[in-house]
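One-letter residues, chain by chain:
Protein chains: 4
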Amino acid sequence: MSAFETSVSEVGDGVVNLRGYSLGDVMTSLSYTEGAFLSIFGRLPATGERVILDAVLNSLLDHGFVASTVSAARFIASGNPQLVPAVAGGLLACGSNTVSPQHSFEVLDQAEELRVAHGLTCAEAAEQIVDRYLSAGRRMPGFGHPTHKKSDFRADLLFAVARERGIAGPGVEQFTELHRAFTARTGKRLPINIDGAMAAVAKDLGWSAEQVVALAMISVLPGLIGHVIEELHNGKPLRHITDGTYTGEPIRSLPGRNGGGKR
Amino acid sequence: MSAFETSVSEVGDGVVNLRGYSLGDVMTSLSYTEGAFLSIFGRLPATGERVILDAVLNSLLDHGFVASTVSAARFIASGNPQLVPAVAGGLLACGSNTVSPQHSFEVLDQAEELRVAHGLTCAEAAEQIVDRYLSAGRRMPGFGHPTHKKSDFRADLLFAVARERGIAGPGVEQFTELHRAFTARTGKRLPINIDGAMAAVAKDLGWSAEQVVALAMISVLPGLIGHVIEELHNGKPLRHITDGTYTGEPIRSLPGRNGGGKR
Amino acid sequence: MSAFETSVSEVGDGVVNLRGYSLGDVMTSLSYTEGAFLSIFGRLPATGERVILDAVLNSLLDHGFVASTVSAARFIASGNPQLVPAVAGGLLACGSNTVSPQHSFEVLDQAEELRVAHGLTCAEAAEQIVDRYLSAGRRMPGFGHPTHKKSDFRADLLFAVARERGIAGPGVEQFTELHRAFTARTGKRLPINIDGAMAAVAKDLGWSAEQVVALAMISVLPGLIGHVIEELHNGKPLRHITDGTYTGEPIRSLPGRNGGGKR
Amino acid sequence: MSAFETSVSEVGDGVVNLRGYSLGDVMTSLSYTEGAFLSIFGRLPATGERVILDAVLNSLLDHGFVASTVSAARFIASGNPQLVPAVAGGLLACGSNTVSPQHSFEVLDQAEELRVAHGLTCAEAAEQIVDRYLSAGRRMPGFGHPTHKKSDFRADLLFAVARERGIAGPGVEQFTELHRAFTARTGKRLPINIDGAMAAVAKDLGWSAEQVVALAMISVLPGLIGHVIEELHNGKPLRHITDGTYTGEPIRSLPGRNGGGKR
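Protein sequences appear in the order of chains A, B, C and D. Mapping the first sequence onto full-length UniProt numbering, position 20 (from 1) lands on 20, and the numbers just tick up by one. Mapping the second sequence onto full-length UniProt numbering, position 227 (from 1) lands on 227, and the numbers just tick up by one. Mapping the third sequence onto full-length UniProt numbering, position 196 (from 1) lands on 196, and the numbers just tick up by one. Mapping the fourth sequence onto full-length UniProt numbering, position 75 (from 1) lands on 75, and the numbers just tick up by one.
Be careful, since some hints might not be right.
Each pair may be met inside one copy or between any two copies, as identical chains are not told apart.
[Said to hold, decoys possible] Each computed DSS-like pair below joins lysine-lysine, with the alpha-carbon atoms no more than 30 Å apart:
hint : residue 1 : residue 2
1    : Lys149    : Lys188
2    : Lys150    : Lys236
3    : Lys188    : Lys150
4    : Lys236    : Lys188
5    : Lys149    : Lys236
Please keep in mind that the hints were generated in silico from the structure rather than gathered at the bench.
Bound-form chain A, shown alone (with noise of 0.2 Å):
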């Protein structure tokens, strides 16, 4: 039930073979934004790739308190003050509600399907997917963000970076048209916020979901690092919620346990 197979790497007495290149050269020659590309989508980024790849990377280095991670990673780190738990306690966390273009992914699949099928533009395969999803009273994702209300800089600053480097293609054009719209249509004014952006210059460059997500796990764990760090140095022990409130029953006999007890 196990026989593993990887097309990641093999390992020898004296040798790393990372996806078809010596670990050796990759440690000589290459950046380690170049290195993680490799092990994870096995090949090298191209040369205006590595740019926008870098500016993905960074993009969520941390974003503080406003991050369910780095909350969650800071609560473990006072229970148990260690660096790994911390830090792989705060990965946990990334999911549906955050470091999450996926859904954003998905729906750009979906416009894709629309126009190839039907032979529709970004434009009117957009109004579409705002039509079935306002029709489901779905969320639609990629839009809107707790914080940066009117804009997310991270976002604009990805599609700029895109469009500087003749990256952004359907995909931008796409997730632009999606937003225009989604805006149009209930008058909110939502900004594409930095999930949304990941997968459009994604689609763009090729990527897969999985493939961003994994690229936004790597960008995300610098901060948690730091935050996980400085927990342990002036953290407080036992750090726990402080504005919960209790609304279940008050405090109750315990039924009749037959004469004193079941034991």
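For chain A, the structure is supplied; the task is to place chains B, C and D on it using the hints.
Here is chains B, C and D on its own, set in the frame of chain A:
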């Protein structure tokens, strides 16, 4: 480098041998308390042991928002609304600051060493240990609780059950003496806390430090689960720390990047 | 963005209110089985429910090396020899491929919908559901086990206890009918497995899918702990997969780095 | 019990201050290597530091199946086929047996203390440290590798880059002397391994033990991700240890349960 050995269980078609008993028999004839004990300790609990075991396992069932484990789990669930990662992440907060009877256990080990090596009474060993900790400026484990200021009723109940069942022996006596000596010496009125009481009772039952931590993890699990399920149903996405302040540098320009940025 | 609410517990100086009962009473009068149930379900188990609850909680106590959870935990402990991270990491392997009664639960929900909407019997609903899965080429959950080929005794025992205690109702009947229809249609002789049986019994007791997954996590925990403690004492450092093969590219030169490397 | 403070970042509407720089500037002007360093260290890397930083971050990019982290992550993904829990779970395997430059760092700290306190040379301090370890029967950290028997090319490359860039100082010298003394004393031909080399270089750059562990975690992440994605796509469900043996008791009857079971 693998080739594992185990005495926990053996699994074949139609049969699971759990520590020398058929899992079928365990399912139909034992309580979970007994089954869990068997899995970890490799033997069935003795009659009196079973009662105190239930008391130990129930003692940490939940400590609400006043627990780093629950707090961490809630934040994880808020970012990643799934049961398993949030519960596992909450467990990661068990460490030297919480759910940690092992530190009191170490103190009891030291006291036992002194008693054996120098023929001391529990009271005499207590004096020496308290001395040792106070003169080294170290906090003594097992005393005091941020919420239960005057007494920790969970500790008191554990000692009461242990005495009533004839389980209390040198472990309970030694820890009580440590507490007496500590109180006399410092004048502080800190109660014996649940971690300390667990360790004392564990000593008298022949459980190891590791085993009592294991029981504490089992004890903590249901409350964690209850909170995570609640967060999944009634929680809010993207919860985060709201009482944080920034103490770092204000924003400066990046130092000159060699005429227009490194790229 | 926080402001938590809970009905699990309220903690004050000298008192823990757990779901409307004093934790002190719980410690001295309830078994852990009851205490854990109370913490998660918010009520005490009924008399018959308590018996099947113990059977459910004991059913997954350990499945030895034939478990992804245990395997994962062992490798973690081999790299990081500590109890807490290895146990928590092992729990992370609970998901759609293992410890996952939720999929069978969904099937039972679908069958119930059919019965209610169209006045079908369990047998009729079973035919339609099996049809639906087979024609969609989907694997039916709750049937078959890689080790327990002909029958899964844990499932059989759970059904036996449920029938004996008068708990078996439409859930058990529906799942039995699903199994009958599946076997008749496919000719495959796969047994009802423990995940399927757990789901069926849960249905009859009014437990939710989430709650039965929670119980499965509690069930799995002691075995995980037993294995991790064993690995900590008798294991080997740096265990790793030994039956892996590399299927990727051989080592090539890095593409020209502009005369002497990018730096 | 909370009231957090941080100097990592401050987040407001439209602005993220990361360690005193605008995240927008970081996204457009820095590599991820620099951004990650800034997040953790609170300052930008110096010019030579950036080069060795990339070498450090690339050194553990992947070690394939010969890694407890990767092995653990694969088993988790096989039970729970999701990216985030498997990757986080893999990280939990970083500990005292792997990805652990901290132990070599401690040795360097001890040697530094000796040099400062007694005016010793690196060679003299090395003799004393090796003495201390050997006479206590302790394994010296930083030497030897189960796969890279004669030399660990990653360590060699790190030292080469450090020397070439003028970074090598007392840390590299001291660790080299420790190795020389160890080899002379024991006759064993174990190479300096990557953990040892990381620690030595970290010392010369003024990085703390914690910071170099943090960098090692970042280094390890992309390979983990690559393996997990592979397992998600081409893996098998329910993988488990296949080379395990049971060494416990054969199945016995449960001891008499008071005439027909305890209930």
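These are the hints, each one checked on the structure:
In the homo-oligomer, the alpha carbons of Lys149 and Lys188 lie at most 30 Å apart inside one protomer (11 Å), although the nearest pairing across protomers, at 51 Å, exceeds that limit. In this assembly of identical chains, Lys150 and Lys236 lie within 30 Å of each other by CA distance solely across copies; the values are 22 Å between and 36 Å within a copy. Proximity of Lys188 to Lys150 under the C-alpha cut-off of 30 Å is restricted to the intra-copy arrangement: shortest distance 10 Å within a copy versus 55 Å between copies. In this assembly of identical chains, Lys236 and Lys188 lie within 30 Å of each other by CA distance solely across copies; the values are 21 Å between and 42 Å within a copy.
Proximity of Lys149 and Lys236 under a CA criterion of 30 Å is satisfied inter-copy only: 18 Å between copies versus 32 Å inside one chain copy.
Every hint, counting from the list given before, is met by this structure.
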